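Undergrad: With the hints as extra help, turn the sequences into a complete structure.
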Amino acid sequence: MASTGPSSECIVVGFDESSDPRKPLKRSIPVGCTITDDFQGIRLKWALSSIETKKYYVPNKRFFSLTCKKSDRERVEQRYFPFINKTAQAILSKSESLNIYTYDQDCSMWEPAVFKHPATFDTLAMEPDLKEFIMKDLDSFVERKEFFENVGRAWKRGYLLYGPPGTGKSSLVAAIANYMRYNVYDLQFQSVRNDSDLRRVLTSTTNRSILLIEDIDCSTKVTHDRTKVKENCEEEENDELKHPYGTDPGVTLSGLLNFIDGLWSSCGNERIIIFTTNHKEKLDPALLRPGRMDVHIYMGYCSPAGFRKLAASYLEIKDDKLFGRIDDMIKSVEVTPAEVAQQLMISNEPKVALESLIEFLNTKKKDIEEAAVEEKEKSNNEEQESEEKQIERQNSEFVESETRCIYLT
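Heads up: the sequence shown at position 351 corresponds to 351 in the UniProt record's numbering, and the numbers run straight through without jumps.
I should point out that these hints are in silico values taken from the structure, not numbers from a laboratory. Among the hints, a few may not be true.
[To be verified] Here are the simulated distance ranges between beta carbons: (1) K45 - C107: 32 to 38 Å; (2) K376 - K145: 32 to 38 Å; (3) P112 - F148: 24 to 30 Å; (4) K321 - V151: 50 to 56 Å; (5) D319 - P112: 39 to 45 Å; (6) E377 - T203: 54 to 60 Å; (7) K321 - E385: 47 to 53 Å.
Note that the structure is a prediction, hence the values are computed from the model and not measured. For every residue, glycine included, the Cβ atom is placed at its ideal position computed from N, Cα and C.
TA: Rendered as structure tokens:
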């Protein structure tokens with residue numbers, strides 16, 4: 001297969017901005033350069049070309065043109081192109097780095113950055129059974145291309161990650177990206193003007209990628225449960241009168257549903273769509289059905305198994321005499337993996353870090369108990385005030401009744 005080398009007229013060498021300069025130089029070719037390739041006795045010549053766009057914010061279009069003998073054209077189409085496609089897929093699957101893209105509304109294009117998140121399924125602090133389920137589901141998705149074609153469905157998979165903040169939703173997304181070797185497209189609804197813009201965003205993403213929509217319940221009002229929205233209709237109308245030029249991006253629920261499950265969702269293959277939210281109950285039921293969000297994964301508070309995984313990652317220990325005590329405390333106190341990790345990072349000494357975690361859990365348990373007592377007292381006071389008002393109202397009615405019954409003779 002063609003590569004930069006002796007057949008190249010000239011090459012460009014350099015480093016990626018974020019890469020280690022100690023690594024080998026990366027080579028590419030400038031516009032106008034040609035590369036010669038030999039395939040099964042066929043001599044081919046590739047040339048890199050560029051077309052300047054009329055809009056200043058749209059990058060120039062770059063493409064390769066291929067030249068061969070007319071007598072070889074049929075063999076090139078039937079043998080060479082499939083070989084190129086297969087080899088390119090193999091190279092991409094072994095690519096050293098991944099990219100994460102954010103959508104630039106002003107330029108109407110995705111802006112890339114190198115994605116180097118260290119999270120993997122080995123480092124995630126979650127239940128082993130849930131972890132194994134997710135990995136098997138991902139493997140099944142990749143291997144079932146023919147199944148999706150046979151049943152007439154787009155080759156995509158939707159995941160909903162929900163749960164309290166700090167429970168590892170973003171880390172799970174990173175672990176999925178590293179496991180699948182997929183680039184990530186991070187979409188913020190605030191950067192999308194309308195449904196038409198949303199379709200353009202979808203069609204500009206590549207195959208074998210993850211489309212990430214984080215905090216979907218906060219991104220736009222259209223995802224909220226319509227039955228609950230109607231209850232606050234008058235309040236929203238008053239708010240719109242105060243702020244006639246709101247910040248809502250103009251994406252409709254219909255446009256969003258078509259985006260993830262309609263005709264436009266079939267514009268591409270092997271795509272994973274991941275939604276995250278802290279409040280699943282706020283989402284419209286139409287978004288939650290299979291085909292849109294196929295797998296719902298609850299990211300809950302830290303469990304004893306999660307704690308032990310964090311201890312192995314941060315302290316490099318698999319067991320300690322304090323583990324049993326911490327396990328019991330974690331079962332009775334709601335604590336997120338992020339909070340546990342923060343305490344384990346206090347010191348490299350396992351004993352110091354574990355004692356710090358125990359102190360943190362004791363303090364949190366005490367705060368929860370005090371808050372519960374205060375809440376109970378507040379509730380009792382409210383009940384007492386309500387009873388006093390009721391008695392006062394009854395006495396007032398009784399006095400008024402007596403007054404009405406006085407007769408002068």
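Undergrad: Does each hint hold? Answer for all of them.
TA: Comparing the hints with the structure gives:
no., hint, in the structure
1, K45 - C107: 32 to 38 Å, "holds (34 Å)"
2, K376 - K145: 32 to 38 Å, "violated (58 Å)"
3, P112 - F148: 24 to 30 Å, "holds (28 Å)"
4, K321 - V151: 50 to 56 Å, "holds (55 Å)"
5, D319 - P112: 39 to 45 Å, "holds (43 Å)"
6, E377 - T203: 54 to 60 Å, "holds (58 Å)"
7, K321 - E385: 47 to 53 Å, "holds (51 Å)"
When the structure is compared with the earlier hints, a violation turns up for hint 2 alone.
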